[in-house]
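Protein chains in written order, with the numbering used here: chain A, 1 to 145; chain B, 1001 to 1144.
Please note: incorrect hints may appear among the correct ones.
Derived DSS-like pairs: lysine-lysine, alpha-carbon spacing no greater than 27 Å straight-line [said to hold, decoys possible]: (1) Lys1115/B to Lys104/A; (2) Lys1092/B to Lys29/A; (3) Lys1093/B to Lys104/A; (4) Lys29/A to Lys1093/B; (5) Lys1092/B to Lys1115/B; (6) Lys1093/B to Lys1115/B; (7) Lys1092/B to Lys104/A; (8) Lys29/A to Lys1115/B; (9) Lys104/A to Lys29/A.
Bear in mind the hints are in silico, worked out from the structure with no lab data behind them.
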Amino acid sequence: MENSEQDHLAGMDLQLEGEVRHQLNDAAKWSRFISVVVFFACGLVLVSGTIGGAAIFNSFRRLGNAGDIFTGFGGSMLIVVIFFMVAVVALVYYFLFNFSAKIKSALISESITELNAGLRSLKIFFIITTVFAILSLLNTIVKLF
Amino acid sequence: MENNPNSSIFDFNLDEESRSHLAAIAQWTNINAIAGLASAAITITFFIVTLIRLSNYGGNLFSGLIVVWPFISLVVSLVLNITLLNASSNIKKGIEGSSQAHFETGITKLATYFKIVGIITIIAIVFVAFVMLAGILAGRGTGF
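Could you build all of it, start to finish, from the sequences and the hints given here?
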């Protein structure tokens, strides 16, 4: 009953008031935390990947001729792959961070432009993560057969 | 100036662009949740089949960490994806029917989804910290 009255009052306009505002603020707070942790993890992977990559590089160099293929191509390739993966993950979570920042700013300034920028970032974040989820699903299916 | 009883100077309503973004978010989160649920179902089926096959070689494999870890992963995946699916369907209903109640539920579910991911992140941080601490202590113990 209460809900239908609320719907009637809302009419054609969906309002960002009360509970919606509170929940959006919560979503922004948690998404900020998640993205900051991911950025930090990316930094750690980058540092350990570079140090570890260099260690692997040196190990193969000690192998002499047998390790040439790794020192010439494989070692640097490993570092490039790590850099690429970290860049992709950081880019994805940049959109989540942007969503958080824009929504917080929109709720403070009541700016619809900021709100739309935040929602656009969230949309891009979900598009990319969905593509990854589908690729992961396909990978699981392929592994089965 | 006309006075609208449903609005005040503090009204903050969605415009066409916001609705369009929210509709796209609902659509993509729906696909994301379905893909996640399908992936979880396939993984668990594959895991159970493998366990049954391995148990034919003897021993009770349905005990201890072997079963607990995938079970926890399955529960987490189910909770996350069902929450995301609920968020998606409610936001979609809210946008299509201009229903404030559905929209509110959808945004609440979306916030819950991020809250769950955040809590899982905290648990993962604690777990990694423990592993690193154990590694350092083990390294000291062996003289490294």
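Taking the hints in turn, this is what the structure says about them:
1. Proposed proximity of lysine 1115/B and lysine 104/A is supported: the alpha carbons are some 16 Å apart, at most 27 Å.
2. Taking the CA atoms of lysine 1092/B and lysine 29/A, the gap is near 23 Å; set against the 27 Å cutoff, the hint holds.
3. The hinted pair formed by lysine 1093/B and lysine 104/A meets the criterion: a straight-line CA distance of about 25 Å does not exceed 27 Å.
4. Taking the CA atoms of lysine 29/A and lysine 1093/B, the gap is about 25 Å. The hint holds against a cut of 27 Å.
5. For the hint linking lysine 1092/B to lysine 1115/B, the alpha-carbon distance of about 21 Å falls within 27 Å, and the restraint holds.
6. For a cut-off of 27 Å, the pair hint linking lysine 1093/B to lysine 1115/B stands: about 23 Å separates their Cα positions.
7. For the suggested pair lysine 1092/B and lysine 104/A, the alpha carbons sit about 23 Å apart, so the restraint of at most 27 Å is met.
8. Restraint check: the Cα-Cα separation between lysine 29/A and lysine 1115/B comes to about 9 Å, which is no more than 27 Å; the hinted pair holds.
9. For the proposed pair lysine 104/A and lysine 29/A, the alpha carbon gap of about 8 Å is at most 27 Å, so the pair holds.
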